[in-house]
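Put together the whole structure using the sequences plus the hints.
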Amino acid sequence: AQKVTQAQTEISVVEKEDVTLDCVYETRDTTYYLFWYKQPPSGELVFLIRRNSFDEQNEISGRYSWNFQKSTSSFNFTITASQVVDSAVYFCALRSGANSKLTFGKGITLSVRP
Amino acid sequence: DTEVTQTPKHLVMGMTNKKSLKCEQHMGHRAMYWYKQKAKKPPELMFVYSYEKLSINESVPSRFSPECPNSSLLNLHLHALQPEDSALYLCASSQTERAGTGDYGYTFGSGTRLTVV
Numbered sequence: 001a002q003k004v005t006q007a008q009t010e011i012s013v014v015e016k017e018d019v020t021l022d023c024v025y026e027t028r029d030t031t032y033y034l035f036w037y038k039q040p041p042s043g044e045l046v047f048l049i050r051r052n053s054f055d056e057q058n059e060i061s062g063r064y065s066w067n068f069q070k071s072t073s074s075f076n077f078t079i080t081a082s083q084v085v086d087s088a089v090y091f092c093a094l095r096s097g098a099n100s101k102l103t104f105g106k107g108i109t110l111s112v113r114p
Numbered sequence: 001d002t003e004v005t006q007t008p009k010h011l012v013m014g015m016t017n018k019k020s021l022k023c024e025q026h027m028g029h030r031a032m033y034w035y036k037q038k039a040k041k042p043p044e045l046m047f048v049y050s051y052e053k054l055s056i057n058e059s060v061p062s063r064f065s066p067e068c069p070n071s072s073l074l075n076l077h078l079h080a081l082q083p084e085d086s087a088l089y090l091c092a093s094s095q096t097e098r099a100g101t102g103d104y105g106y107t108f109g110s111g112t113r114l115t116v117v
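Chains as they are written, first to last, in our numbering: chain A, 1 to 114; chain B, 1 to 117.
These are computed hints drawn from the structure, not numbers from a lab. Incorrect hints may have been included.
[Said to hold, decoys possible] Cβ-Cβ distance ranges computed for the label pairs, FRET-style: (1) Lys70/A x Glu52/B: 29 to 39 Å; (2) Asp29/A x Arg30/B: 16 to 26 Å; (3) Lys70/A x Ser59/B: 26 to 36 Å; (4) Pro41/A x Thr7/B: 18 to 28 Å; (5) Lys38/B x Lys3/A: 35 to 45 Å; (6) Ala81/A x Arg63/B: 39 to 49 Å; (7) Leu54/B x Val14/A: 41 to 51 Å; (8) Thr109/A x Arg30/B: 33 to 43 Å; (9) Ser59/B x Lys106/A: 18 to 28 Å; (10) Asn17/B x Val14/A: 38 to 48 Å; (11) Lys3/A x Pro83/B: 24 to 34 Å; (12) Arg63/B x Val14/A: 45 to 55 Å.
[To be verified] Covered stretches of chain A (in silico footprint by chain B; criterion: 3 or more residues with CB under 8 Å from a CB of chain B, positions within the stretch not fixed): (13) 28-41; (14) 45-57; (15) 102-108.
Given the structure is predicted, the values throughout are model-derived calculations rather than measurements. A virtual CB, placed ideally from N, CA and C, is assigned to each residue, including glycine.
Next up, the structure:
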């Protein structure tokens, strides 16, 4: 079985603040893939990042950074200097082993106020 | 072309109507998916097609009928729906069903917002 927990449901910050979105996952497989998606009000799921279980290297892309820690089964996402355009629902997702099903967390609604 | 295109964007239908949702991609992806998303909930997998064959049906009621006429096109035929079927229906594609290996995972369309009255 695979499970993704996003304990935070709603986060509100003021523009230019840094914000971290938490993601904890569960799987018994040694091979798995983790994803973050952004869903703006328009509805489209926008791919942000994919990480496989053999690559614990953290990644930075502009204002976005991801911290993957297998020891704590976490894959946290930090937005530095947040902007109003970052307001959206953010989903962490997991696909593990031979299972083609993508399991989503419940999502975190991020509101960035001017 | 790196998009998944879904039509229509919005659909209102009565419980006795028959309608279809359409999804198209031209990225050469051989796996295509239908997800259902209720308000303030995560997407839930409905169907997976792999090489134009139905691979996974997540115990979806028969009033939803998927079809994959070719490798670029995925349809979802709707008949005798209930008001509780109102949701955002998302289509996605990936290079193969084993997405995540050597590619960038799943590409999602912007969805069809369905309202059943």
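Do the hints match the structure? See the list:
Between Lys70/A and Glu52/B, the C-beta spacing of about 37 Å keeps the proposed range 29 to 39 Å intact. At roughly 23 Å, the beta-carbon separation of Asp29/A and Arg30/B lies within the given 16 to 26 Å, and the hint holds. Remark: the range hint 26 to 36 Å for Lys70/A to Ser59/B is upheld by a beta-carbon distance near 33 Å. Hint check: Pro41/A to Thr7/B, Cβ distance near 20 Å, so the stated range 18 to 28 Å holds.
Take Lys38/B and Lys3/A: their Cβ atoms lie about 19 Å apart, and the range 35 to 45 Å is violated. For Ala81/A paired with Arg63/B, a C-beta distance near 48 Å keeps the hint of 39 to 49 Å intact. Here the CB-CB span from Leu54/B to Val14/A is close to 48 Å, well matched to the stated 41 to 51 Å. Hint check: Thr109/A to Arg30/B, Cβ distance near 34 Å, so the stated range 33 to 43 Å holds.
Between Ser59/B and Lys106/A the C-beta distance comes to about 21 Å, which sits within the given range of 18 to 28 Å. In this structure the hint that Asn17/B and Val14/A lie 38 to 48 Å apart at CB holds, the actual value being about 47 Å. Between Lys3/A and Pro83/B the beta carbon distance is about 30 Å. The supplied range of 24 to 34 Å therefore holds. Our hint of 45 to 55 Å for Arg63/B and Val14/A holds, since their Cβ atoms are close to 46 Å apart.
Interface restraint, the segment 28-41 of chain A with chain B: holds (3 residues with C-beta to C-beta distance below 8 Å; minimum three). Against chain B, the segment 45-57 of chain A contributes 5 residues with a C-beta closer than 8 Å to a partner C-beta. That satisfies the three-residue criterion, and the hint holds. Proximity of the segment 102-108 of chain A to chain B, defined as three or more residues with a beta carbon under 8 Å from a beta carbon of that chain, is established by the 5 residues found.
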